[in-house]
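Use the sequences and the hints to build the structure in full.
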Amino acid sequence: MSKIESKNPDPEAEAVLSQLLHDFKNQLGGLKLYAAFLRKSLTENSLDVNEGIEVCDKIIHQLNLMSERAKCSTRLIKSP
Amino acid sequence: MNNGITILIIDDEDSYTDALRRLFGADGYEVQLANNLTEGLGKIAQKVFDLVITDLSLGGLDILRAAKAKKQETEVIIITGYGSIAQAVEATKAGAFYFIEKPFEPEQIFLITEKALERSRLIAESVKLREHFTKRQQYYDLIGSSKAMQTIYETIEHIAKTDANVLIVGDSGTGKELIANAIHFNSRRSERDFVKVNCAALPKDLIESELFGYVKGSFTGAGQDRIGLIAQADKGSLLLDELAEMPIDLQPKLLRVLEERRFRRVGDSQSREVDFRLICSTNRLPHEALQNGLLREDLYYRISTITINVPPLRERGEDLQLLIEELFRRFCERYERQLQGFSQTAYQRLFAYHWPGNVRELQNIIERAVLLSKGPRIEAQDLPMGISHNSKYEDPLIFIPANMTWNEIERAVLTTTLERTGGNKKAAAQLLGMQRSRLYNKLGKYKIEVERQSLRRGL
Numbered sequence: 154m155s156k157i158e159s160k161n162p163d164p165e166a167e168a169v170l171s172q173l174l175h176d177f178k179n180q181l182g183g184l185k186l187y188a189a190f191l192r193k194s195l196t197e198n199s200l201d202v203n204e205g206i207e208v209c210d211k212i213i214h215q216l217n218l219m220s221e222r223a224k225c226s227t228r229l230i231k232s233p
Numbered sequence: 171m172n173n174g175i176t177i178l179i180i181d182d183e184d185s186y187t188d189a190l191r192r193l194f195g196a197d198g199y200e201v202q203l204a205n206n207l208t209e210g211l212g213k214i215a216q217k218v219f220d221l222v223i224t225d226l227s228l229g230g231l232d233i234l235r236a237a238k239a240k241k242q243e244t245e246v247i248i249i250t251g252y253g254s255i256a257q258a259v260e261a262t263k264a265g266a267f268y269f270i271e272k273p274f275e276p277e278q279i280f281l282i283t284e285k286a287l288e289r290s291r292l293i294a295e296s297v298k299l300r301e302h303f304t305k306r307q308q309y310y311d312l313i314g315s316s317k318a319m320q321t322i323y324e325t326i327e328h329i330a331k332t333d334a335n336v337l338i339v340g341d342s343g344t345g346k347e348l349i350a351n352a353i354h355f356n357s358r359r360s361e362r363d364f365v366k367v368n369c370a371a372l373p374k375d376l377i378e379s380e381l382f383g384y385v386k387g388s389f390t391g392a393g394q395d396r397i398g399l400i401a402q403a404d405k406g407s408l409l410l411d412e413l414a415e416m417p418i419d420l421q422p423k424l425l426r427v428l429e430e431r432r433f434r435r436v437g438d439s440q441s442r443e444v445d446f447r448l449i450c451s452t453n454r455l456p457h458e459a460l461q462n463g464l465l466r467e468d469l470y471y472r473i474s475t476i477t478i479n480v481p482p483l484r485e486r487g488e489d490l491q492l493l494i495e496e497l498f499r500r501f502c503e504r505y506e507r508q509l510q511g512f513s514q515t516a517y518q519r520l521f522a523y524h525w526p527g528n529v530r531e532l533q534n535i536i537e538r539a540v541l542l543s544k545g546p547r548i549e550a551q552d553l554p555m556g557i558s559h560n561s562k563y564e565d566p567l568i569f570i571p572a573n574m575t576w577n578e579i580e581r582a583v584l585t586t587t588l589e590r591t592g593g594n595k596k597a598a599a600q601l602l603g604m605q606r607s608r609l610y611n612k613l614g615k616y617k618i619e620v621e622r623q624s625l626r627r628g629l
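In order, the protein sequences belong to chains X and H.
For the first sequence, position 66 (counting from the first letter as 1) is numbered 219 according to our numbering, and the numbering increases by one without interruption.
For the second sequence, position 108 (counting from the first letter as 1) is numbered 278 according to our numbering, and the numbering increases by one without interruption.
Derived by calculation from the structure, the hints in this document are not laboratory data.
Owing to the predicted nature of the structure, the values given are computational and were not obtained by experimental measurement.
There could be a bad hint or two in this list.
No more than 30 angstroms apart at the CA atoms, straight line, and that leaves these computed lysine-lysine pairs for BS3-like [to be verified]:
#, chain 1, residue 1, chain 2, residue 2
1, X, 185, H, 285
2, H, 298, H, 272
3, H, 272, X, 224
4, H, 298, H, 263
5, H, 595, H, 298
6, H, 263, X, 178
7, H, 272, X, 231
8, H, 331, H, 423
9, X, 211, H, 272
10, X, 185, H, 272
11, H, 317, H, 241
12, H, 213, X, 193
13, X, 185, H, 213
14, H, 366, X, 178
15, H, 213, H, 285
What follows is the structure in C-alpha cells.
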C-alpha cells in the first residue's frame with residue numbers, strides 16, 4: 154500500500170484501490186474454499202459430476218471477476 | 171458424521187458462503203446461509219444453531235448477541251476482511267469463540283469449527299449436569315446430595331411411575347412426607363388428588379368412617395351420606411401417615427381394600443370400586459411394630475412392596491452444610507433479611523448438635539435465627555440454648571496424650587472434623603476456620619483419603 158500511496162496521492166483512487174484489494178482478498182478466499190471442496194470430494198470419491206461442473210463454473214466466474222479487477226487496479230496505479 | 175449439527179453462515183460474499191456450505195455439507199452438517207444482517211437475524215429468531223459464522227462488517231456483533239441470547243451455548247466465529255486487534259478484543263469480550271481474518275486457509279476454518287462445536291457440546295453437557303445436580307440436590311424440596319439421599323432420589327425415580335405400594339420409614343422430621351410428595355407428583359396419578367391421612371391424629375372411633383365414608387343413619391350423628399378419604403383418593407394416591415397408629419382391628423379392612431380394590435362405606439350394603447396408589451409412612455421400626463402387635467404382618471407385607479428408609483439427620487453430616495445454606499437462603503428471602511451467614515462459632519455449634527428433631531428441627535432453628543439475628547451474621551447466641559450452650563461441641567472429642575507430636579494432633583483434628591462433616595471438605599474447612607486449599611494441602615501432607623460419608627485414615 155505504501156508504494157501505491159506514494160505514486161498516487163489521489164484519495165478517491167486510493168479508496169477505490171483499497172476496495173479492489175479487499176474484494177480481491179475475498180474472492181481469493183472463496184477460490185481456496187472451492188478448491189478445498191473439489192480436493193476433498195475427489196479424494197473421498199464423493200463428487201457428483203454435475204456439482205463438480207457447477208463448482209468449476211463458479212471458479213471460472215470468480216477468476217474472470219478477479220482478472221477484471223486486476224486490470225482496473227493496474228489502470229489506477231498507472232494513472233498520473 | 172455430524173448429523174443434526176446446525177451451522178449458520180452470514181456473509182455477503184457468495185463464493186465464501188457457497189463454498190463453505192458445500193464443504194460443511196459434505197461433512198454432514200446442516201448449513202443455512204444468509205447474505206445480510208436482517209436475513210441472519212431472521213434465521214436466528216426462527217431456529218437455534220449450534221454454530222454461527224458471521225462477517226463482522228455485516229453487523230457481526232449484533233448477530234453474536236442475538237445468537238447468544240437465543241441460546242447461550244451457541245458458538246460464534248467472526249470473520250472479517252479488515253482485521254484489527256481492537257475489533258478482535260471487542261468480539262471476544264462479547265463472547266465470540268474466534269476472530270479470523272480473510273482470506274483464511276480452509277483447514278483453519280475446519281479446525282476452529284470443530285473446536286467451537288466441541289466447546290458448545292461441553293458447555294451444553296455441563297449445563298445439563300448442573301441442572302441434573304441442582305434437581306438432585308433439591309428434589310421436590312428434599313435437600314441433600316449424600317449417598318443416602320441419592321439412593322432415595324433414584325428409588326423415587328425408579329418406582330414413581332409404577333403403582334407399587336411404598337412404605338417410608340424414618341424418624342419424625344426426616345422428610346417422609348416430602349418423599350411421599352415426590353412419589354405422587356412424579357407418578358402417572360400426579361394430576362389427580364393426593365389424599366393425606368395422619369392415622370395418629372384421627373380419634374380411633376372416627377378413623378374408620380373418615381377413611382371409608384358412611385351412609386346417612388349408619389350411626390348416631392351420621393346425618394347425611396359422606397364419602398371417605400379412600401374414595402377421595404380414587405385415581406390418585408393415598409398417604410397413610412403413622413400407619414402403625416392405625417387401630418389393629420381396622421387393619422384387615424384396609425388389607426381387603428388393597429386386595430380387592432373395592433371398599434364399603436360404613437352402613438352401606440354395597441361395595442364400590444376404587445383405584446389408588448398407597449403410600450404409607452411410619453416413624454416406628456417395622457419389625458418392632460410387628461413384634462409389639464401394632465402392625466399386622468399380612469398388611470405389612472402388602473404395603474411394603476418398596477421400603478424407603480430415611481436416615482436421621484445425625485447420619486447425614488455430609489448434607490448438613492447444604493441444608494443449612496439452603497434453609498438460610500430461603501428464610502432470608504422469605505423474611506427479606508440481608509444476612510451474611512453464620513459466625514464460625516454458630517456454625518460449629520450447628521455441626522456439633524445431634525439433631526433429635528431432624529430436618530424439621532433444623533428448619534425451625536434456622537428460621538428463628540434468621541428472624542432474631544441482630545447483627546450482620548447469625549451468632550451462637552441467636553441459636554436456642556440447647557444448641558448454643560449444651561451441645562456436644564463442649565465435650566472433649568480428641569484425647570491428646572502428653573507425648574503426642576504436633577503433627578499427630580493436627581492429623582487427629584483433621585480426621586475427627588471430617589468424620590463429623592461426613593467427609594464434606596468445604597464444611598470441614600469452614601469448621602476449622604481455614605481455606606479449603608489449605609485443608610487440601612494438609613490432607614495431602616498426612617495422606618488422609620476422604621470419601622463421602624466414610625473416611626479412610628491412609629497410612
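Run the structure past the numbered hints and jot down the numbers of the failing ones, going up.
Failing hints, ascending: 2, 11 and 14.
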